[in-house]
Amino acid sequence: MSVTDAQLMTINIGPQHPSTHGVLRLIVQLDAEKVVSCTPDIGYLHRAIGKIAEGLTYEQFLPYTDRLDYLASFINNHGWCMASEKLFGIEPPRRAEYLRVLLSELARIESHLIWLGTHLLDLGAITPLFYCFREKEMIRDLFEEICGARMTHAFCRIGGVRDDVTPAFLPKVREFAALFPKAIREYESLITNNPIFRARTRGVGVISAEKAIDYGLSGPSLRGSGVKWDLRKAEPYAAYADLDFEIPVGERGDVYDRYLVRMEEMRQSLRLINQVAENLPAGPVLADAPQFLRPSKAEFHRNMQAMIRYFHITIHGACPPAGEVYAAVEGTKGEVGYYVVSDGGPKPIRVQLRGPSFVNLAALEEMAKGQYLADLVAIIGSIDIVLGEVDR
Amino acid sequence: MIPVQRDIGALLVGDLAERLPGAVRQLTHSCGECSLHVEPAHLTQVARFLKDEPSWRFTFLANLSPVDWLSRTPRFEVVYHLRSLEFNYRIALKVDVPDQTLSLPSLTGIWRAANWLEREAYDLFGVRFAGHPDLRRIMLPDDWEGHPYRRDYPLAGRAAQ
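These protein sequences, in sequence, are chains A and B. Following the working numbering, the numbering of the first sequence begins with 1 at its first residue and continues without gaps. Following the working numbering, the numbering of the second sequence begins with 1001 at its first residue and continues without gaps.
Hints may contain errors.
[To be verified] One side of the interface only, derived from the structure: several residues of chain A facing chain B at Cβ under 8 Å: (1) 25; (2) 46; (3) 51.
[Stated by the list, open to error] Straight-line Cα separation of at most 25 Å, DSS-like style, residue types lysine-lysine; simulated pairs: (4) B:1051 - A:51; (5) A:228 - B:1094; (6) A:211 - A:233; (7) A:211 - A:369; (8) A:211 - A:172; (9) A:172 - A:182; (10) A:228 - B:1051; (11) A:136 - A:211; (12) A:347 - B:1051; (13) A:34 - A:211; (14) A:297 - B:1094.
[Said to hold, decoys possible] Stretch-level coverage of chain A by chain B, calculated; a stretch enters the list once three of its residues show a Cβ under 8 Å from a Cβ in chain B: (15) 276-290; (16) 307-318.
No wet-lab data here; the hints were simulated from the structure. Ideal Cβ placement from N, Cα and C applies to all residues, glycine included.
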């Protein structure tokens, strides 16, 4: 028996609802308990970040990128710095590249932990949240140790990273790395074979590999459908080419597979962290490009020319040659891309931010169709969106 | 995974010249990446070719971005960033938006990812996409006036009553 539109019920979820992970509004049409259509309504957090970029120098725009995916702000910073470096033609030093990997992977684990805790909370399991946040706090402490901020670090710099490590940083990283495998085992013993969790997630929110690519899904949401695609391998940037790690993929493309992929990704991130912590090359952490980058404070106090340059770059900004670049890094949610167009002036004339959460969210409609309303929250959780990045 | 191949522009242009003569206007390079400029009238055909051709398979639309050149004619340009996951190719497809219509054919029938990306471009730049199934504003309220990412959009002040 077919159902006419009059028999469908339209309900509104959000924009203020705990299970939508921010200000996301969904207009859902229901046939009894089943979702017939699900239309996201976004933009509640739109700040026109791309427009703001047109009024700022490349360096000044950096802290704004923190506010995209604020759970892994270092990765956003890194993407912006990579795009700018390509425009300016700056090569960051080796040590900085390794530190970028280390911090990106710490951010990845942190973001995945927050995803795991809140995702399980949506499904009715309260305990994992406390376990996940316990380890998440350790990572925040590590960031605080190296840059003083726990969130929105703005620690990456065009040409490297802001500071070298503090003496206490690497020992603390090792301490965390020694403890974390046990923590993952703990989460998995709670969740992976939990019959309620499996019943809520197996076969729910399925998207095929072909459709996932068509929708432009990236990150764990794409890999959960069995597509082995990761920018860290496909276009190795920073120091990823030198390091060993695997790309986990799922098979069925359901909520459970996306869970498994993220759990394994945390292990792989830990592998990367261990490798960097043991083999951090010596040397400077900022490139030497006096034409574009400000001299150090020590240089500033010693050298008149350096002082002039310092003020000049601070006030006017550094000018890259005219051109354009699309640079992308593998964020925690997928491809974090920056398309930047320069006309040779100190400010970009166009910045387009490719937020993986925005593109991934468009596939929600496809994943939710024909599912139960109660499973909708499981599906939203499994796409792992951050509204700062959806709305930009 | 196959290492990324960036220098595919000349090959691709040759292939396209054979299959769709007159579609490609020029090939440009910036920061080690190539951009293919195509004629608006051929956009759909080129996109279809890039996606379906077995030796290219650009199945992944990574990004869509209008650029407002303000003083140039035609004023707007739309850039599509495509990836071939199979061969690890990457290319930017560029097309000028005709000034008279401010409209391009929608590519939602080729890549579903284009749906929201085109809506965003329409919302913020006012570039229309003919044949889009649901061309509504996506970020701003439906009754918003103007398109704020245009470079002549006022940054301060109130609209005249």
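Hint check results:
no. : hint           : in the structure
1   : 25             : violated, 12 Å
2   : 46             : holds, 4 Å
3   : 51             : holds, 6 Å
4   : B:1051 - A:51  : violated, 31 Å
5   : A:228 - B:1094 : violated, 28 Å
6   : A:211 - A:233  : holds, 22 Å
7   : A:211 - A:369  : holds, 14 Å
8   : A:211 - A:172  : violated, 43 Å
9   : A:172 - A:182  : holds, 16 Å
10  : A:228 - B:1051 : holds, 19 Å
11  : A:136 - A:211  : violated, 33 Å
12  : A:347 - B:1051 : violated, 35 Å
13  : A:34 - A:211   : holds, 22 Å
14  : A:297 - B:1094 : violated, 43 Å
15  : 276-290        : violated (count 0)
16  : 307-318        : violated (count 0)
In terms of the numbered hints stated before, the structure departs from hints 1, 4, 5, 8, 11, 12, 14, 15, 16, listed from lowest to highest.
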